[in-house]
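Going down the list, the sequences are from chains Y and S.
Those letters in the first sequence? Residues 1 to 826, per full-length UniProt numbering, in order.
Those letters in the second sequence? Residues 1 to 826, per full-length UniProt numbering, in order.
The hints are simulated quantities; they were obtained by calculation from the structure and are not laboratory data.
Treat the hints with caution; some may be incorrect.
For identical chains, the list gives no copy identity; a pair is met inside one copy or between any two copies.
Computed list of lysine-lysine pairs in DSSO-like fashion (alpha-carbon distance at most 30 Å, straight line) [said to hold, decoys possible]: (1) LYS701 - LYS733; (2) LYS311 - LYS733; (3) LYS660 - LYS371; (4) LYS564 - LYS733; (5) LYS699 - LYS311; (6) LYS660 - LYS699.
What you are looking at is a predicted structure, and each value in this text was computed from that prediction instead of being measured.
There are 2 protein chains.
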Amino acid sequence: MGRITKQQKKQTDQDETATVPLAAVDAWWRAANYLSVGQIYLLDDPLLEHPLTVDDTKPRLLGHWGTTPGLNFIWAHLNKQIVERDADVIYLAGPGHGGPGVVANAWLDGTYSELFHHIPMDAKGMGRLFRQFSFPGGIPSHAAPETPGSINEGGELGYSLVHAYGAVLDNPGLIAACVVGDGEAETATLATSWHLNKFVNPVTDGTVLPILHLNGYKIANPTILARIPQDELAALFTGYGYSPRFVEGGFDGEDPMAVHERFAAVLATALDDIAEIREAAAAASADGSEVARPAWPMIVMRTPKGWTGPKEVDGLPVENTWRAHQVPLAGLRDNPEHLRQLQEWMESYRPHELFDEQGRPAAALDPNRPKGDRRMSANPHANGGLLLKALDLPPLDDLAIDVSEGRGTIAEPTRVLGKWLRDVMVANPDDFRLFGPDEVASNRLDAVYEVTDKEWEGEVLPVDEHLAPRGRVIEMLSENLAQGLLEGYLLTGRHGLFTSYEAFIHVVDSMFNQYAKWLESSAEVEWRRPVSSFTYLLSSHVWRQDHNGFSHQDPGFLDHVVNKQASVVRVYLPPDANTLLVTAEHCFATRDYVNVIVAGKQPGPTLLSLEEARAHGARGLSVWEWAGTEVEGLEPDVVIAAAGDIPTLEAMAAVQILAKEIPDLRIRFVNVVDLMRLQDEREHPHGLSSDAFDEVFTKDKPVIFAFHGYPSLIHRLTYRRTNHANIHVRGFKERGTTTTPFDMLMLNDLDRFRLVMDVVQRVPSLRVAYAGFSQRMEDERIAHRAYTRAHGEDPADVAGVAGLPFALELPDQPTEDDTGADNAPH
Amino acid sequence: MGRITKQQKKQTDQDETATVPLAAVDAWWRAANYLSVGQIYLLDDPLLEHPLTVDDTKPRLLGHWGTTPGLNFIWAHLNKQIVERDADVIYLAGPGHGGPGVVANAWLDGTYSELFHHIPMDAKGMGRLFRQFSFPGGIPSHAAPETPGSINEGGELGYSLVHAYGAVLDNPGLIAACVVGDGEAETATLATSWHLNKFVNPVTDGTVLPILHLNGYKIANPTILARIPQDELAALFTGYGYSPRFVEGGFDGEDPMAVHERFAAVLATALDDIAEIREAAAAASADGSEVARPAWPMIVMRTPKGWTGPKEVDGLPVENTWRAHQVPLAGLRDNPEHLRQLQEWMESYRPHELFDEQGRPAAALDPNRPKGDRRMSANPHANGGLLLKALDLPPLDDLAIDVSEGRGTIAEPTRVLGKWLRDVMVANPDDFRLFGPDEVASNRLDAVYEVTDKEWEGEVLPVDEHLAPRGRVIEMLSENLAQGLLEGYLLTGRHGLFTSYEAFIHVVDSMFNQYAKWLESSAEVEWRRPVSSFTYLLSSHVWRQDHNGFSHQDPGFLDHVVNKQASVVRVYLPPDANTLLVTAEHCFATRDYVNVIVAGKQPGPTLLSLEEARAHGARGLSVWEWAGTEVEGLEPDVVIAAAGDIPTLEAMAAVQILAKEIPDLRIRFVNVVDLMRLQDEREHPHGLSSDAFDEVFTKDKPVIFAFHGYPSLIHRLTYRRTNHANIHVRGFKERGTTTTPFDMLMLNDLDRFRLVMDVVQRVPSLRVAYAGFSQRMEDERIAHRAYTRAHGEDPADVAGVAGLPFALELPDQPTEDDTGADNAPH
């Protein structure tokens, strides 16, 4: 269903009843324009039954007109093609402030009234539709989660095209019609998104039809693409690998019907060409071969900004200038002439032809209205939760690292995870994907290549490995594109993972922001169904970027993430391979969250059995009796806590040193995998209750906390805790250089010796008695640094895993009741 | 000086002594390659005086070879052109991990030894050069601040081209040769950077010569641009507005001399064409006209990745594959064959021809070495502090808002600042620029257009305003480009300002990170001279984005910024127009910082006279006696503090309400303009001492803090303060929607009524006695919200500025000794 073949096309050509007359397209367009102007301006009298008065208009005019007529024009024409071809099309509005247009079309579709019962398809509904727009308690002026049919927020510009590409992956019947604004086309992400045509397969994926709208102007400037010659523009899109087609019209008062004719022809040809390309590819595929990367059609549409709006206001040109960007007519309260012009403008659409006396869309529009799910505002792909199937999650048991002979089996956590991702791909062959900026192998997830390849429609040479025109992995050197593709893929009801180097994930800070806001807003929209969570795997993290140097060392994404609402963000720092496995398993089963997992790729000891890891993951944080020196029934003298793989090992090493030197010191060892457990339960759904927190961290004992990221984050999360003043955090201090793993820890005072000195300093009974010991620790550090500088590597006793303390001299005390299931956050 | 004219070119053609033979270019290239391999592999025996042993090699092999021979090749050829033309050229190495190459060339130039005396130009120096590379205490594997001649960090990819464009602005004699890696070309920022050719003027700006290096592979994948047909590639760069030229060579064992010949010819032609374009433009300019936007040359160079390295290792192809990306030969300790191959590889460069017995570069290289400042590693543009002139800062007095008739004169702060920026441009006509993503006018800085225009080399239409081929403002809808241009402009010794909407500045989070790290590292590099600070002006901020809705509401950039070292970050929240003026004046005089200024553009009351604003700015935070209800000699009952323009007004309104209702309540009012004053002096150079802080905020009184951003930031900054537990912060709670200004405040509990309720709740003596009053406040809030929802605007008594409390019923008590100059941070 939904595939458009030439055969189908021919049928519709022959079937006169299915041809939509351009008059209906034009009526639709005029109706959508009328409704858009109404939303921007009117509080009342939606059908203009009386001469407009100031009281009929909004006190604050906050909408934007400029881009809207173009968006409506394209929507109207796509409707015609959908009706004629029974095409499966979603619509992405790239330009900012396109809200009135897409909402108008959704109301004309009938979808709006179906989803929002208080806004029926009549004059009352129209009045409410107008009133709610950019009004307190109403809807925003961009396409947004509140907008039926939208998977792209129009606030922060630049992501429409990458969202469109994410949507069509593994959706062979789908066409994502993506209106790219010529303003947004200047953004960094949009500029590189055009290259995504090298990553879609013409048989197994759907098709993106980009429509670059040369609207001419941004807020206060012309756009670059509107001011370069057409041959340059044609060369640019040919160079990006497309087959560009140009339509221009509506200037100097040209009759819109002429523009309709030209655009309809170009759009029909583009869709015919798409069908032909797909047919050829399908035929080749049936013969077991693949076609060369096709030059997919794209359309460049040049129309006046603010088309059909006031030509002139106060003697200055408005239509086709930057003055049409926002509200062409302002100051209605003080300017009766503007009020008159508004009335004239709205009447120019001949509303009596478009709406009946009850305010219902007139029959003239009907031929141009697709039915049911074919309506772009109702297309289920744009409310992906409707189509979502839970992932089939394969068992972890065979992949988990065995620690039955003793803790410490060496494993590379992400490599182990890679094997599970491989199994996930096998179990879910068409709705799970992995995205990354050239770092899937570097982050050691390459086991996935046992069962799939990297999608690549370009040339493949004999030396290449795992490149193929069909693959479940997409790698392009742009974090923005990996982020945007996964967003588009999730919002259309599928699952996936984005893996990146930790430091460079800040490239997508703003995209994360906007996606988190999308989820936060979606939660308030009743008809939006939950989608699979967005999960980041950040590896090649700060503590093992010693060799790459300062530019590669930044753990601050976590700080950024926790600014967003607690209802949508989750942060995990699994300390070993088995805990990483259970964390990923958990994250893939969640909905509507952003999960951030930080995990190492370097060989490290496996500390927990799979069962223990499950319990630890479910608890989120646990006391590890076996790693501490507590005595049952007695309060500890000090708590050593850790979050993050490397900090956990350093903290364990510190316990080991202390246990040798001060055997009767009672150390409680706490590991935190779910960072949000630290927060108060009133602030985050995963937060521990005050009592539970106090039970673990005590009410008054010193807590030395070894943390993966910037120390302030731990203070921030534990700010309301009883024992907060006693929590002393060591973490990244923004001290970086090109050095060795252990030297990086020393540089930031997160090494075992420093942690030991911290304990001596903070436990009052030790301060004086162990001053000499503390000095020895300091001497050790100096000696270590001198060795490192001389030899270029860490001394053997702290290097890599060799010096780590799990070759356990400490008693192993696995807790039996440590299932924690009833305590599990989600 | 430094302009290359055709005439000069002809002279050098005729002057045989200035022609550099290709043999010298090749010798230079081989020497640079030899030194690069040596850096990656060797600890000792730099001249291979004995057969290599394992002990001669580094224990950890952390360098990257793949991109290096290409970088060296281009450097060698640019040297030839510089010598022959006396050209003024800087070199930007875009590909990652190009460190060994650029360092090798700097050493061959002689610059390295001049700047680092412990690394002389002999065998001893060469040994140290090798050892320090990617070694603890040494230098990173990317071009970095430590690299002579570099203004571009090679760690996070994608910024080379925008840095190059920033560098050539207002540097008409300069050519920025920018090697763009085909990996980095996939990044978002790089993809849109090509369009910057529309913003450079051929007379008043210099020229960027992009050299796209089709090296073929990233870490684990081919690159897109290397795998599209050459006609597509040609179309792409034609479409971007360039005149592309192609050179390919070195494949299948081709003699490098043949490639030298081809590349030398293409490079010479490109430089000739640049000269010709500039000459024509200069001639037109002399006639008072401007040439049409030229199609500037760019070069596409396709050579094998890891060229001249091992062809095969362990039976697998390496040269010209992704396997050449990092170290082609690894595991030297366990593999004598690899060690042998390394020796063979290094000897293949015929080092005895390249270095004399003392290890000094041989005379064969001399013809290809430019002299003095013409050496690309020594070019002063790449150490911009050398060229920096302090800005001539015009007086503020005539622009400052007059409050002599009483506080509260209404002004739009950024509009007032715009007038000063105009004056700054007049006073500094060729080294100050303003960058923004289409928001200079929207942020109300448009007074600058009284004296300048927006630079625009595209078509200009009659309807356009302030567009011209020469202008001091550059606007393109990409925060990444505004950021990168200003970085390039500052690092070459000039001044500027980047203005953006607050929410979308997160788009450049990662670029900010990398620039802050650049400054942090530069501070450790003795020969790097201080550059002008990078100053952000964030307007259209979270509290006045009520109409644009949730996607436009995010104050989190401040949290991001304070993660970086205290030595480089400064954050200012001026509460009114006059304080904004003095803050900007201060920031423009600083060096080597990142200054972030958040200020509103909406009309608001001016609270301080210019003199008071100066004192307040110098103090960073002050008690405003006139805005509180303190009684001299008595401790206050409560402190109300505010940071940010809107929070300051709300806090003042709260004081006013309290003063009426509870006349004997002693309220201290504190305003914070320099946020880092809150931090402890041990953590930030601007931090207040503990005593000074306690004096202002008391040791034990409740503090109600109204903050512009996320509340956690205030807790974080005041974490070590005596009275920290009593600080109760109201700020943005990530609750946003499309609404009205006052409703936004209510939604986030930052409104005056909530602040009043907070005071009642926190001051023990009020809690019970004023419970009824508190309830009235709650009722007020409910009534306000109901009004807002009904009318679409705020009730008049809180809307805009009308309801604000500076129409002072409170006594105005200007402090006489409030100069604070000796207390001024910098």
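Outcome of the hint check:
With identical chains, the CA atoms of LYS701 and LYS733 are at most 30 Å apart within one copy only, with a shortest distance of 25 Å there and 32 Å across copies. With identical chains, the CA atoms of LYS311 and LYS733 are never at most 30 Å apart, being 59 Å at best within one copy and 43 Å at best between copies. With identical chains, the CA atoms of LYS660 and LYS371 are never at most 30 Å apart, being 76 Å at best within one copy and 63 Å at best between copies. Taking the closest pair of Cα atoms, LYS564 and LYS733 come within 30 Å of each other both inside a single copy (23 Å) and across two copies (9 Å).
Proximity of LYS699 and LYS311 under a CA criterion of 30 Å is satisfied in neither setting, with 72 Å inside one chain copy and 65 Å between copies. Proximity of LYS660 to LYS699 under the C-alpha cut-off of 30 Å is restricted to the intra-copy arrangement: shortest distance 27 Å within a copy versus 42 Å between copies.
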